[in-house]
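Enquirer: Okay, here's what each chain looks like letter by letter:
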Amino acid sequence: MAFSDKVSKILYGGDYNPEQWTPDIWEQDMELLKQAGIDVVTLNVFNWASLQPSEETYDFAELDAAVKRVTEQGMAICMATSTGAHPAWMAKRYPEVLRTDFEGRRRKFGGRHNSCPNSPVFKQYAKRLAGKLAERYREQKNIVLWHVSNEYEGACYCENCEKAFRVWLKQRYGTIENLNRLWNTRFWGHTFYDWDEIVAPSMVSEHFEEARSMYQAITLDYKRFNSDSMLANYRAEAEAIRAQIPDACITTNFMGAYKPLDYKKWAASLDVVSWDNYPAEGADPAAIAMNHDLMRGLKHGQPFLLMEQTPSTCNWLNDNRLKRPGVMRLLSYQAVAHGADTVMFFQMRRSRAGCEKFHGAVIDHAGHGNTRVFKECQALGMELKALGKEVVGARVPAKAALIFDWDTWWALECSAGPSVRLEYLEELQNYYRALSKLHIPVDIIGMEDGFCGYELIAAPLLYMVKDGVSERLEEFVRAGGTAVFSYLSGYVDENDRITLGGYPGKLRELTGIWVEETDSLPETEQNSFCYEGKTYSAGLLCDIMHTEGAEVLARYQEDFYAGTPVITRNRYGDGLSYYVGTRSGEDFYLRFFTNVCKEKGLRTASHDTVETAAALSEKGIEMTVRKKDGVEYLFLLNHSGKKQELAVSVGGKDLLSGREICRGEMFAVDAAGVMLVKVFV
Amino acid sequence: MAFSDKVSKILYGGDYNPEQWTPDIWEQDMELLKQAGIDVVTLNVFNWASLQPSEETYDFAELDAAVKRVTEQGMAICMATSTGAHPAWMAKRYPEVLRTDFEGRRRKFGGRHNSCPNSPVFKQYAKRLAGKLAERYREQKNIVLWHVSNEYEGACYCENCEKAFRVWLKQRYGTIENLNRLWNTRFWGHTFYDWDEIVAPSMVSEHFEEARSMYQAITLDYKRFNSDSMLANYRAEAEAIRAQIPDACITTNFMGAYKPLDYKKWAASLDVVSWDNYPAEGADPAAIAMNHDLMRGLKHGQPFLLMEQTPSTCNWLNDNRLKRPGVMRLLSYQAVAHGADTVMFFQMRRSRAGCEKFHGAVIDHAGHGNTRVFKECQALGMELKALGKEVVGARVPAKAALIFDWDTWWALECSAGPSVRLEYLEELQNYYRALSKLHIPVDIIGMEDGFCGYELIAAPLLYMVKDGVSERLEEFVRAGGTAVFSYLSGYVDENDRITLGGYPGKLRELTGIWVEETDSLPETEQNSFCYEGKTYSAGLLCDIMHTEGAEVLARYQEDFYAGTPVITRNRYGDGLSYYVGTRSGEDFYLRFFTNVCKEKGLRTASHDTVETAAALSEKGIEMTVRKKDGVEYLFLLNHSGKKQELAVSVGGKDLLSGREICRGEMFAVDAAGVMLVKVFV
Amino acid sequence: MAFSDKVSKILYGGDYNPEQWTPDIWEQDMELLKQAGIDVVTLNVFNWASLQPSEETYDFAELDAAVKRVTEQGMAICMATSTGAHPAWMAKRYPEVLRTDFEGRRRKFGGRHNSCPNSPVFKQYAKRLAGKLAERYREQKNIVLWHVSNEYEGACYCENCEKAFRVWLKQRYGTIENLNRLWNTRFWGHTFYDWDEIVAPSMVSEHFEEARSMYQAITLDYKRFNSDSMLANYRAEAEAIRAQIPDACITTNFMGAYKPLDYKKWAASLDVVSWDNYPAEGADPAAIAMNHDLMRGLKHGQPFLLMEQTPSTCNWLNDNRLKRPGVMRLLSYQAVAHGADTVMFFQMRRSRAGCEKFHGAVIDHAGHGNTRVFKECQALGMELKALGKEVVGARVPAKAALIFDWDTWWALECSAGPSVRLEYLEELQNYYRALSKLHIPVDIIGMEDGFCGYELIAAPLLYMVKDGVSERLEEFVRAGGTAVFSYLSGYVDENDRITLGGYPGKLRELTGIWVEETDSLPETEQNSFCYEGKTYSAGLLCDIMHTEGAEVLARYQEDFYAGTPVITRNRYGDGLSYYVGTRSGEDFYLRFFTNVCKEKGLRTASHDTVETAAALSEKGIEMTVRKKDGVEYLFLLNHSGKKQELAVSVGGKDLLSGREICRGEMFAVDAAGVMLVKVFV
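Protein chains in written order, with UniProt numbering: chain A, 1 to 681; chain B, 1 to 681; chain C, 1 to 681.
Hint data in this document are derived by calculation from the structure and do not stem from the laboratory. Treat the hints with care, since some could be wrong.
If several chains are the same, the list does not tell them apart, and a pair holds so long as it fits within one copy or across any two.
What the hints assert, rightly or not - Here are the simulated lysine-lysine pairs, DSS-like style, with alpha carbons at most 27 Å apart:
1) 619 - 123
2) 389 - 163
3) 265 - 299
4) 92 - 170
5) 170 - 600
6) 92 - 163
7) 466 - 123
8) 642 - 678
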């Protein structure tokens with residue numbers, strides 16, 4: 001049973017740590033949370049040291065009491081397993097549970113996310129704890145979610161990890177000869193004759209800086225291995241829970257576009273995706289939106305959970321600005337607008353001491369509800385209560401997709417060359433932002449996902465083309481789809497080995513071009529091109545290419561490659577394949593995708609034309625749509641910081657204000673305002 | 001007997017290292033130093049390896065000769081103990097004497113300040129050496145001062161330190177349960193069940209950057225422990241000296257506002273405070289002055305010693321500018337103006353090789369007295385000789401105090417949030433600078449010091465309020481005193497635990513406000529407020545507050561909290577309590593304190609009005625006063641770089657030029673000029 | 001037999017790694033390389049792991065095949081020894097072969113240049129491999145060059161190195177007393193009583209940052225020791241080769257002005273100097289030229305080899321710009337113009353994977369010759385073929401010399417003071433650039449080299465004056481030569497001990513000045529001086545000096561030392577000695593050297609006047625000359641980026657175009673164009 005089917009409204013709540021407080025505070029909290037409309041709390045996130053005071057002993061009394069107290073309030077529980085930080089006694093007795101860092105230093109007890117994922121001791125006790133919790137609370141019916149560990153992150157480089165890495169490699173490559181071939185170890189005399197000769201790639205072996213490696217194939221596999229190691233940790237706990245509670249809904253909280261973990265691979269092992277949204281103040285709304293869409297795409301469009309956000313301020317940014325009045329609500333609805341079925345906070349009550357005592361909470365150190373933040377939380381709680389079952393479980397009807405791939409991200413950014421300034425996320429955001437400004441619903445998918453049902457697939461920086469992907473892209477375009485590629489695409493296989501014969505390798509026939517060379521421009525230099533009569537910038541990397549069937553849409557205007565193609569379009573079967581051979585500016589991507597979308601007749605969220613949709617973006621309005629049982633929900637989110645007047649091509653009723661709007665009628669949305677329009681059919 | 005009572009003039013001299021030179025050079029040096037009016041030399045600062053050539057052997061012959069030679073010249077001696085750098089043989093035989101650094105690396109022999117303060121071997125031999133020196137030279141009557149070690153600094157994170165830390169904690173907390181409670185270890189599952197589970201907080205445990213910790217309570221206690229460990233080193237040596245020479249005057253050279261060591265706590269164990277003044281070229285004179293006042297305040301206003309300054313240039317700055325002609329003299333008198341009873345240099349003769357061969361000295365590599373620097377030193381030497389007993393032992397009659405606290409400094413700057421740009425010293429300097437520009441004599445005191453006798457206490461960033469402090473502040477204000485507080489005050493107790501119930505915690509009643517939230521602005525953003533008809537900037541952190549009895553002096557002008565209070569004044573008993581809820585600019589602090597001082601009728605150094613005093617500051621004139629036996633000494637220091645005309649409200653005689661000045665008469669002070677006016681009663 | 005006598009033309013080729021490719025690719029490569037006019041390939045650079053698959057086994061079959069295949073094509077071979085990277089099995093079995101880095105971390109297997117130079121295991125097996133290769137291929141007559149290891153670089157700080165360092169010190173200093181005296185260990189109590197107490201200077205002992213030391217004498221000797229250690233590695237391999245092939249021509253590839261290795265000392269052990277030229281795109285042509293001249297000077301003007309350059313792009317720069325059309329050819333001829341007798345590339349074919357897959361090659365991933373880069377390589381190949389024996393072996397007839405010294409470089413830049421912004425290379429480039437713009441041929445020599453035959457010697461930053469050097473400089477000037485010195489000269493001896501008595505120490509009589517003090521200006525400040533009626537900047541460091549016989553050419557205009565000398569000229573015997581007491585700008589150095597060269601009547605490359613020569617520089621034209629058997633070859637290199645019209649004072653025939661030019665006739669040189677004029681006698 002999907003999470004959305006279990007709940008009768010958008011759940012509202014978040015992390016609560018009764019273990020940090022005395023019982024009298026618990027009572028005050030319950031009262032305040034009830035006032036705020038909180039109906040779910042996440043318990044037991046960092047509690048291992050209390051639950052297991054020694055190797056032989058477990059003690060659940062305090063947690064029992066907390067569960068009981070919360071249950072009496074009629075709240076649902078998201079039960080965490082506490083394995084995000086091991087106890088100090090364990091680190092003392094078994095130093096192997098501590099990580100060895102990228103500099104080769106064995107760490108000591110401290111912080112959190114501190115366990116080596118390949119420590120047998122950690123693995124044994126983490127799994128055992130998850131099992132014991134599930135056994136103890138399996139009859140606790142208000143546990144709607146199991147939350148394994150917390151924000152898995154980082155990596156370990158210890159000897160246990162090295163040993164496990166070798167086993168992982170044996171499973172992947174079978175023989176050392178095969179590994180040598182696929183790692184191309186003849187380069188720099190790296191031939192391995194025995195698995196034991198292989199060490200973890202780090203600052204004391206293959207890396208010349210944290211991100212950059214001298215041996216990409218090894219680094220790439222270690223990143224896969226590390227992600228898989230933590231996934232194995234997650235799965236072990238999930239299995240221990242499932243063994244007790246077969247229909248448990250199990251998750252762990254992701255962190256958006258978090259590089260070290262291949263969430264796409266993880267998602268298959270989660271019953272529902274949940275994530276923690278902590279944008280920096282002033283972050284581009286499209287960058288936040290892209291994270292939501294990425295999270296939604298991990299499980300093929302299934303609604304996800306907003307597990308954490310701050311009600312007011314973070315503590316770990318350089319400048320921890322307050323969320324301005326209304327902004328917490330706005331960002332909450334933005335999550336829902338992109339597919340979230342919960343709105344949850346870190347945290348219910350602000351800690352008294354420790355790293356996060358400056359982090360915002362629903363209940364502040366003041367301890368009462370007479371604060372701006374509490375009142376905003378309360379107002380939202382009432383609104384969500386009134387909304388009821390509306391929207392819950394609704395899907396985003398996207399016909400456009402953006403390909404996002406962790407392997408590609410890793411490979412591109414651990415390379416030596418062609419430019420240190422190339423960042424995978426930045427390029428994908430450029431493409432996503434244009435589609436977002438046109439209010440075209442977008443799915444973010446993996447290159448292994450099905451392409452069927454989409455009309456447009458954007459695949460910028462498709463540097464790595466895994467087996468079968470080029471064939472499936474060809475099939476997609478041949479059948480009438482539109483594909484968009486960028487510079488530095490089609491270069492390598494899954495081991496970061498170049499596809500010989502000319503770039504973009506396996507995408508060459510589909511794009512109808514051959515890229516001979518790529519120029520790398522310093523930050524202070526630009527080339528340019530003319531596209532539809534207007535000049536746009538070209539920078540960072542400039543492909544110098546020859547067409548092999550493609551039509552030239554724009555040519556460079558400067559330098560020795562002036563006059564050579566930079567933007568091309570190739571007719572392939574019944575479809576079109578675009579190639580954008582450089583990094584351009586926001587104005588270009590908007591214009592380019594306006595044309596691509598018009599040509600393809602893609603529907604905007606509001607059924608407006610793309611030009612009208614773009615005009616709304618000028619006003620700082622984000623527009624998205626979710627759909628359920630034939631009903632469309634149109635979200636209008638005002639990120640502009642001031643009141644805006646607008647109209648849309650559909651009519652409906654704003655579920656938040658109760659106001660009806662007519663097709664084409666002008667209406668106003670306040671600064672930080674939100675409309676959730678149930679569209680009239 | 002206080003140091004000041006032992007001397008018949010301002011002593012003049014500094015570090016001399018005969019061990020680096022041959023006897024013929026000694027002879028030249030004696031001749032030159034005599035010419036320069038030098039009457040005290042510091043011997044034996046880095047001599048351990050020579051004094052103790054092996055574990056079993058001591059050899060004082062060379063030092064005997066140096067002492068004899070210096071004594072024959074009639075000079076006084078400041079005898080150092082040489083324990084600032086251990087011998088290489090000791091590091092080789094007992095690696096435990098070497099420190100383990102913040103990265104967890106055991107260091108090797110090298111540099112200086114290189115000993116682990118908790119190494120039993122180091123402690124044993126350091127104490128023994130101090131004792132042997134005292135025993136040998138106890139009859140050497142011209143030793144006016146014992147100088148233990150040298151510029152204690154840094155920290156160690158080795159296993160011996162960890163073990164000693166646990167003992168220190170046991171003494172502080174008694175039980176592990178009490179420690180868990182006061183460290184709030186329920187946060188992030190940090191509960192300790194055994195003292196041995198506790199490790200030193202460092203980059204391999206609790207820190208995410210050098211300054212910032214994930215567990216403030218642990219970091220805070222480790223800083224206390226490290227400071228205490230070195231203090232114990234100091235005390236052990238001091239006791240060994242005292243055992244031989246009961247009336248020895250013992251000190252070690254401090255370094256101004258040096259963060260790692262709680263000098264306030266140390267000062268009780270020193271007979272006299274001495275310090276090394278190395279401002280960067282172009283440093284704000286008020287920042288230097290604040291260091292002097294801080295040093296003077298450590299022992300409740302007792303005169304201190306200027307132990308080191310460079311006669312010309314440093315070697316360890318990025319750009320080691322020469323002190324311009326006259327500046328060495330100006331800075332020497334600035335020290336005296338703030339309470340120094342010696343003027344001493346590092347160093348007498350410039351080293352031939354090693355780290356400091358580019359560091360200035362009285363006698364340069366040229367080896368003769370025909371240099372600008374030597375001649376300036378000589379002129380000052382003559383002047384100090386002529387001055388005789390004047391000023392020596394005089395006190396600064398301050399009615400205003402600034403609270404400075406190492407624990408608060410540590411706690412604030414190891415936090416995660418609210419702003420990485422918040423620096424304790426910078427804020428205190430803002431407050432100090434305003435009072436300095438008004439020429440109001442200021443004592444810098446600890447929060448444990450008595451408040452009695454002051455009329456104004458400024459306590460910016462009083463983030464930590466130790467037990468009893470708020471009560472004593474209330475008593476001070478109730479009795480008619482004026483207190484000034486800033487944003488981010490009253491937050492925590494001595495363990496960095498928030499005082500619950502609303503900020504500023506224990507200062508809430510005294511200030512008559514409740515701070516609900518604090519906004520953290522990036523460097524590029526500002527709010528503003530209008531105070532007495534003029535607009536001033538507000539930035540960094542902006543408290544959003546409610547008055548609870550206080551009067552509003554200024555309100556924010558922008559953003560969603562426009563119109564809320566930012567500057568308040570609360571009448572409490574017979575006194576006033578001000579609260580400045582943000583970081584503003586220099587113009588504001590000057591205006592603000594002008595009003596506060598006027599209201600309070602505080603006397604400036606020259607008995608001018610505060611407005612007149614501020615006008616002198618515009619000319620770059622610093623003015624201070626010292627007082628002895630009813631005599632007032634007024635110091636006028638021209639930092640402006642050019643000649644200035646001025647007048648003051650007192651008459652007297654300039655002891656340096658012999659010139660008399662009348663009350664209100666205009667007179668000139670040269671660029672870098674100094675006047676030391678003995679005020680007519 | 002010199003390398004130049006062995007070859008009948010400028011050899012053309014570079015690194016080729018058949019071991020990375022399958023035999024079918026070998027065949028394609030041979031065909032393409034033949035088309036490109038390649039006649040030499042460097043084989044076996046990183047092949048150790050393949051040649052020695054285990055401790056007991058060697059396998060040369062694949063290398064045999066590669067040698068055979070290349071030989072059949074009639075190509076010459078540069079045979080590398082593969083010891084630039086040890087095999088993984090060796091690191092696993094003998095961790096001692098791995099380096100310990102500057103942070104004290106034992107490294108793991110990875111990267112390259114990864115061997116400890118003092119590992120007995122590494123030394124044994126590296127030498128054995130070189131011997132085996134030489135034995136196997138000693139009859140292979142087309143091996144024109146043996147290439148030991150590859151780009152020796154870096155340093156090791158392990159215990160084996162420390163032990164070897166102590167042996168090295170014993171040999172240098174004889175007794176520990178002598179070492180203590182010359183290291184001035186009385187400073188900071190560093191006296192050593194036993195050699196074993198001495199440790200490697202690193203971040204965990206004497207350094208406070210990577211470049212800067214607290215004990216310069218130790219750091220300086222460790223740099224010497226490390227350079228010597230690798231030189232010993234080189235020599236051991238070279239001896240093993242020589243034992244098999246007495247007339248082998250042996251080299252290793254240098255890297256221009258590479259700080260860690262004292263190439264001047266190394267050069268005596270090389271039969272011919274070779275180096276790898278990788279300027280950043282946009283690098284000043286004079287900076288590249290200076291590297292060439294430095295390399296040529298290592299063996300007293302003997303022609304050198306350009307061992308590596310990229311045909312198109314690097315991969316390890318921040319921005320890896322393509323070499324623009326013609327630039328590869330231009331830089332190739334620039335190398336020849338400065339004394340190169342080969343033009344070689346890294347690499348023949350671009351690697352499929354690994355760190356350098358983005359590095360340019362003659363044959364790209366596309367795998368065919370239809371690329372811009374291949375065609376440019378091919379065109380140059382044809383040109384060099386046509387050139388035949390011309391130029392080969394010709395010498396540069398320089399009458400001006402610039403002194404370059406590794407010890408001085410090390411000592412200056414490991415110091416603490418007087419300015420962190422002082423860079424040895426930058427200052428030397430300022431002087432070199434001026435002479436280059438005047439087209440005065442310059443030799444770059446060591447201070448131990450003979451001064452005889454030169455008319456002008458520029459010795460900026462002659463901070464260290466080794467034994468006998470000042471006497472030889474005096475002799476040079478006395479006999480009529482001109483010498484030019486700068487600030488911060490004459491300070492120290494070979495152990496970085498100050499020459500007492502006044503700066504510039506041993507150069508004081510020769511320069512006729514005494515430098516009393518040196519001011520260090522921050523980046524934002526400047527002084528100035530007037531020279532020949534024009535004002536020039538003075539910055540960074542400003543000597544404040546007194547003349548002692550010298551004539552004052554310019555005086556400071558500002559600050560307290562306004563009016564004191566900054567540029568002086570001293571007549572000494574029949575010659576002149578100039579002193580430039582500060583860092584000035586490019587305009588000054590050009591004007592200054594114009595005067596110095598005119599006065600001395602120095603001949604420019606083209607026999608033009610210095611003014612005419614400087615005018616050509618304004619057009620971006622570089623001009624150099626080589627001479628053989630009475631024939632002069634004049635090189636004209638257009639770095640300006642556009643076509644230039646010019647004339648020169650000699651007539652001759654351009655060997656590249658076949659065109660004749662007459663004395664004084666105007667002719668054009670294309671952008672990136674080159675003329676190689678065989679001058680009519």
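Enquirer: Now look at each hint and say whether the structure bears it out.
Expert: Quick rundown of the hints versus the structure:
1. 619 - 123: neither (52 Å within a copy, 71 Å between copies)
2. 389 - 163: neither (50 Å within a copy, 59 Å between copies)
3. 265 - 299: within (10 Å within a copy, 60 Å between copies)
4. 92 - 170: Intra 33 Å, inter 18 Å, cutoff 27 Å: inter-copy only.
5. 170 - 600: neither (47 Å within a copy, 73 Å between copies)
6. 92 - 163: both (23 Å within a copy, 14 Å between copies)
7. 466 - 123: neither (32 Å within a copy, 44 Å between copies)
8. 642 - 678: within (24 Å within a copy, 66 Å between copies)
Checked against the numbered hints above, the structure violates hints 1, 2, 5 and 7; every other hint is satisfied.
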